[in-house]
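Novice: For the sequence shown, the numbering used here begins at 3 and goes up steadily by one.
FYI, nobody ran anything at the bench for these hints, they're computed from the structure. Treat the hints with caution; some may be incorrect.
Stated by the list, open to error - Keeping only pairs whose Cα atoms sit at most 25 angstroms apart, straight-line, the calculated PhoX-like set for lysine-lysine is: (1) K369 to K346; (2) K346 to K271; (3) K369 to K71; (4) K323 to K10.
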Amino acid sequence: MSYNVNEKGYYGDFGGAFIPEMLYPNIEALRQNYLNVMAEPEFQKEFNQLLKDYVGRPSPLYFAKRLSKKFNTKIYLKREDLNHTGAHKVNNTIGQILMAKRLGKTRIIAETGAGQHGVATATVCALMGLECIVYMGEIDIARQAPNVARMKMLGATVIPATSGSKTLKDATNEAIRDWINNPKNTHYIIGSAIGPHPYPDMVTRFQSVISEEIQWQLKEKEGREHPDYVVACIGGGSNAAGTYYHFLDHDDVGIIAVEAAGKGIQSGKSAATSALGKEGIIHGCKTLLMQTKDGQITEPYSISAGLDYPGVGPLHAHLYKTGRAEFYSATDDEAMQAGLELTKLEGIIPAIETAHALAVFTHKTFKPDDIVVISLSGRGDKDLQNYIDYFNL
């Protein structure tokens, strides 16, 4: 069983490139060049240098002593929240901006939900002196105001998406529309492991630095490269893809994905794609997707702007269908409580997205000698208002 993308851009039954004709030259140029460009020593050197000196990698692998004691297992946190810009997103935006420059693109567009990818894109555009336009749902603009301010300070133009649920899915639609209208000079930096091939694979490869580091860091701390489990929250799934990547073909490592159940899986206010999704096409790829009987995309819901997406990346759809990964869904309440728990036990305020991964302990019991590595995908500064409102702080 292969968990990597094949030459046609598929993970098992999922993936591909379902795109309008106008975008074909762009996608094709990217597909033909991305692996060669990434393999160039010069590209590697520049990418790794920026990850080290600008992002601050490697991010620590931290043994969470008090959390481990509470759940009677060994919990390590991969501290992606300590990256520059506060999340894992920057690993991918640095890779893609270098790619865009090599492909001669001068204008960058992006979509964002929680705003972390928007901030990371605006950051690398400022770094490289390129024009930056970020599409963001009107609702997300309201609930992620600090990130909107950061994007504007960094010189990006933030354009609200006012259709549909006015969240991530709609921002993605607007970004694709822009790209169709400006195919020649524009590169679309997709922030998740979703979209037409080669995006899911490219984003996963740029994020795979996470699992690469986990291996040697765990070897230093525990004398072994493989944990018993790797856990990540999952919307489109870029932090999850990066956390799983080097363990996909190793059956001794359990892979766990935690989705957003919102108000409850059957409440009609959820984003639990694995439980509710059927095969369909969204944003250029075939994947699992929440939809009505006649194939209309249903509106997702989560308290977390970054998990509020009706689909899941094709790699994750494949991991779900083949049973390689265990999928759980955490409700808003479970996630918020897990976020507060980490804060009180370890002095780390996680992003609400990340808090969903931490809620895994309400759904699964681990053995005392299990080593469980959780991707701490982002920090909670951007969500402070949500925490304040939820807990009446």
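Novice: Next step is simple, just say for each hint if it's right about the structure.
Specialist: Hint check:
Between K369 and K346, the direct Cα distance comes to roughly 23 angstroms. Compliance with the 25 angstroms bound is thereby established for this hinted pair. Our distance criterion of 25 angstroms between C-alpha atoms is broken by K346 and K271, whose separation comes to about 29 angstroms. Proximity of K369 to K71 is assessed by CA-CA distance (about 12 angstroms); at most 25 angstroms being required, the pair is judged to hold. Between K323 and K10, the direct Cα distance comes to roughly 19 angstroms. Compliance with the 25 angstroms bound is thereby established for this hinted pair.
Comparing the model with each earlier hint shows a violation of hint 2 alone; every other hint is respected.
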